[in-house]
Every structure is written in C-alpha cells, then in structure tokens.
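Engineer: Heads up: the protein sequence lines correspond to chains A and B, in order. Just so you know, we're using the working numbering here: the first sequence kicks off at 214 and counts up by one. Just so you know, we're using the working numbering here: the second sequence kicks off at 214 and counts up by one.
One or more of the hints may lead you astray.
Derived pair list, reagent style BS3-like, types lysine-lysine, alpha-carbon separation capped at 30 Å [to be verified]:
{"#": "1", "chain 1": "B", "residue 1": "K306", "chain 2": "B", "residue 2": "K251"}
{"#": "2", "chain 1": "A", "residue 1": "K251", "chain 2": "B", "residue 2": "K376"}
{"#": "3", "chain 1": "A", "residue 1": "K225", "chain 2": "B", "residue 2": "K251"}
{"#": "4", "chain 1": "A", "residue 1": "K251", "chain 2": "B", "residue 2": "K251"}
{"#": "5", "chain 1": "A", "residue 1": "K251", "chain 2": "A", "residue 2": "K308"}
{"#": "6", "chain 1": "A", "residue 1": "K308", "chain 2": "B", "residue 2": "K251"}
{"#": "7", "chain 1": "A", "residue 1": "K225", "chain 2": "A", "residue 2": "K308"}
{"#": "8", "chain 1": "B", "residue 1": "K251", "chain 2": "B", "residue 2": "K225"}
{"#": "9", "chain 1": "A", "residue 1": "K306", "chain 2": "B", "residue 2": "K306"}
{"#": "10", "chain 1": "A", "residue 1": "K376", "chain 2": "B", "residue 2": "K251"}
{"#": "11", "chain 1": "A", "residue 1": "K251", "chain 2": "B", "residue 2": "K225"}
{"#": "12", "chain 1": "A", "residue 1": "K225", "chain 2": "B", "residue 2": "K308"}
{"#": "13", "chain 1": "A", "residue 1": "K376", "chain 2": "A", "residue 2": "K308"}
The hints are simulated quantities; they were obtained by calculation from the structure and are not laboratory data.
2 protein chains.
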Amino acid sequence: MEYCSHCASRLKIDVPPRDNHPRHICTGCGMIHYRSPKLVVGCIPEWQDQILLCRRAIEPRYGLWTLPAGFMEVGETVQEGAARETLEEAGAKVKVGQLYTLFNLPRASLVNLIFRAELIDPNVAAGEESLEVGFFRESEIPWSDLSFPMVRETLRLYFHDRKHGIFATHSGSIIRTPGPILRYQVIIDP
Amino acid sequence: MEYCSHCASRLKIDVPPRDNHPRHICTGCGMIHYRSPKLVVGCIPEWQDQILLCRRAIEPRYGLWTLPAGFMEVGETVQEGAARETLEEAGAKVKVGQLYTLFNLPRASLVNLIFRAELIDPNVAAGEESLEVGFFRESEIPWSDLSFPMVRETLRLYFHDRKHGIFATHSGSIIRTPGPILRYQVIIDP
Numbered sequence: 214m215e216y217c218s219h220c221a222s223r224l225k226i227d228v229p230p231r232d233n234h235p236r237h238i239c240t241g242c243g244m245i246h247y248r249s250p251k252l253v254v255g256c257i258p259e260w261q262d263q264i265l266l267c268r269r270a271i272e273p274r275y276g277l278w279t280l281p282a283g284f285m286e287v288g289e290t291v292q293e294g295a296a297r298e299t300l301e302e303a304g305a306k307v308k309v310g311q312l313y314t315l316f317n318l319p320r321a322s323l324v325n326l327i328f329r330a331e332l333i334d335p336n337v338a339a340g341e342e343s344l345e346v347g348f349f350r351e352s353e354i355p356w357s358d359l360s361f362p363m364v365r366e367t368l369r370l371y372f373h374d375r376k377h378g379i380f381a382t383h384s385g386s387i388i389r390t391p392g393p394i395l396r397y398q399v400i401i402d403p
Numbered sequence: 214m215e216y217c218s219h220c221a222s223r224l225k226i227d228v229p230p231r232d233n234h235p236r237h238i239c240t241g242c243g244m245i246h247y248r249s250p251k252l253v254v255g256c257i258p259e260w261q262d263q264i265l266l267c268r269r270a271i272e273p274r275y276g277l278w279t280l281p282a283g284f285m286e287v288g289e290t291v292q293e294g295a296a297r298e299t300l301e302e303a304g305a306k307v308k309v310g311q312l313y314t315l316f317n318l319p320r321a322s323l324v325n326l327i328f329r330a331e332l333i334d335p336n337v338a339a340g341e342e343s344l345e346v347g348f349f350r351e352s353e354i355p356w357s358d359l360s361f362p363m364v365r366e367t368l369r370l371y372f373h374d375r376k377h378g379i380f381a382t383h384s385g386s387i388i389r390t391p392g393p394i395l396r397y398q399v400i401i402d403p
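With the sequences and hints as input, model every part of the structure.
Structural biologist: Below is the structure:
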C-alpha cells in the first residue's frame, strides 16, 4: 500500500491516536487503511464412506489433491462461502454442516475454516480451478500428494474422529518454518 | 475504493478473466483489489461462576455492556487476537479455550468468533475503550443493556449450556432487518 484508495495521496505509516499498532494513514485526507487477515472457507464433502477431493489446476500446488476451499467473499456467510467454493471447484452441491476445523496461518495472515458437508448429488465435475475431482475412501487418500498441511491435518483428524464416532470442532495453527525448504510446524489446540 | 493503492491510477469495476465476481481493477497497472470480510474475535472471560463484561466507552453502543472483542490484526492467531482484545479492553489476562460461537453478519461482511476463556488473575481494569468493567453472575447480567445481538446470543447459549454441563461450538447468523429501526433476525444453525 503506497497510495490512498480514497483520494490517491501518499500514505505514511504511523500509530494513530488511541491506537497501539502502526497503520497506513493518508497524508491527504487522513483516512486510516487497516489491514485484515483473510478467511479461507471450504468443505469436507461426504458421500457414503467417501470424501470428494479436487486436483488443483492452479498454482500454488498445481496437480496436488485438495479439499474444495477458497477466499470468502463479502456479503456471504462462512457456510455460504464454503458451499460456493465446493460448487465452483468440484461442481458439487452440498448441505453444509458443523464447523470441523479452524486453522490459523498467522505468517500468511489467513484463517481457514473447514466444514463437514453432505453431498446432495454424487454427480460432480471439475471446475475451472480443478484438473479432476474424485471420490476417496480412507485407504485411497493420496496422503503424499495433498496440497496443504491444513488439508492433511483436517483429513487426519476427520478419519480419526470417524473411527471413534465423535466429531468435535478442532482448532490449531500451522506455522511456516523459516528457511528455503517448505516446512511447517502443526499445533493442534488441546 | 476509487484509486489504486499500488500506483494511484483510477479503479474500474469489472469481472476479471476466469472469475465470476465484479472486482476493483486498476486501469493503470492492472492490479485486482479484492474486498474481504473482516474477523472480530473476543472472549467470554470466566472467573468462578462469574463473567467479565466491559461497558463501552466508544460508539456504536456507547454505554452498553459487551464481551471484550475487536478486529483481528494481521500476523496473529484468532486466539491471540481474542486474548489481546480482552487485555486491551478489560485489563484481563486470560487463557483462551474452546471456540464457543461463530456468528455471521453478512450484511456488514463480518464474522464474529467468541472463545471461552479462563481469567488468570481477577485484577482487571477498564481499558481506553471501556467506561468500566464488572463481574456478573447469571442473575446479574444486564440483558436489556447489552451492546450487540451477538453478545446477547452468545451469553444466552452460554448459560443454557452451563446449566446442562455441555459446551458445544455453536454457529449462526445475525441479519439486520431493513428499515429505520435497528432490528435483527437471529438464526442459530442446527
């Protein structure tokens, strides 16, 4: 952020009165431009004992398998966003249920919310952002070809809970470890 | 949004290729400026059988009682944000526990996340945004002087669950009814 989106003047970084965080403040009109974390919302689409996954047709993680999920839009609920992403990426109509996982990605300023969801109709089709979609039993999950740690951890918790017949809402954080190799620390809250 | 925050050129509204939502697009550098819902995070601070509330020293709802909550900052987790807001507004140090309520406010493009939290120390003090803070037993909650529907619904669910000894994570939506009088429709998800 260099310029004010309201009046096009230069921005400066300063702590406003009665605040304790540095903000982008317009040197022209004085408007304060706050930065906010972003919400990613998605589903675990269930059909009988199978889960619907999508293979990514976009970067990052092109070609890897993922749960349908994406950025929440303004004006929708988290559940509406999760259903919309599932329709867009997997051509799948779902009834969104319980919030299943909340994962913080604080270095990326992202919060991931994944919901359990029942497929209304098993006729599905890859959307523009997917190479293909597929149904997977637990033994068929492509664990070494999953897109993000959030997807792997959500599926790991899901199959663990399914075995025990109790689905609680889980939360945790995924922290990128510094260095050239993509490594993550996963913390599941107690 | 009128101008590009990256290059100060005029923005236009158009649907980018491979997208299906109108976006703010820069007529100079082509950057797409996405709008995002915002996250409000807060706590139900518990001390023995009492709840800590703050009386708002800021608009909107000046003078009304509220749960400590506010906008999440970039770089923090939702739990860190909830603890920070509780410290800033009520001078209260808490151990943040389970996600308790998720409320959508789609007309305002807000998502509220409220966590159960244990007070570490009952020495509390009103912060800059609070007129006073106070401990309330269930019978003492100022139901007609609460700030927002989200606060009232969260407390209502909380005391209901406490009576039954089971605290599940709840979600729902709060929809502002059109018209000059502030009225809301509250939907609690099954």
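Engineer: Does each hint hold? Answer for all of them.
Structural biologist: Evaluated hints:
no.: 1; hint: K306/B x K251/B; in the structure: holds (24 Å)
no.: 2; hint: K251/A x K376/B; in the structure: violated (36 Å)
no.: 3; hint: K225/A x K251/B; in the structure: holds (23 Å)
no.: 4; hint: K251/A x K251/B; in the structure: holds (7 Å)
no.: 5; hint: K251/A x K308/A; in the structure: holds (24 Å)
no.: 6; hint: K308/A x K251/B; in the structure: holds (24 Å)
no.: 7; hint: K225/A x K308/A; in the structure: violated (46 Å)
no.: 8; hint: K251/B x K225/B; in the structure: holds (23 Å)
no.: 9; hint: K306/A x K306/B; in the structure: violated (44 Å)
no.: 10; hint: K376/A x K251/B; in the structure: violated (36 Å)
no.: 11; hint: K251/A x K225/B; in the structure: holds (23 Å)
no.: 12; hint: K225/A x K308/B; in the structure: violated (36 Å)
no.: 13; hint: K376/A x K308/A; in the structure: holds (22 Å)
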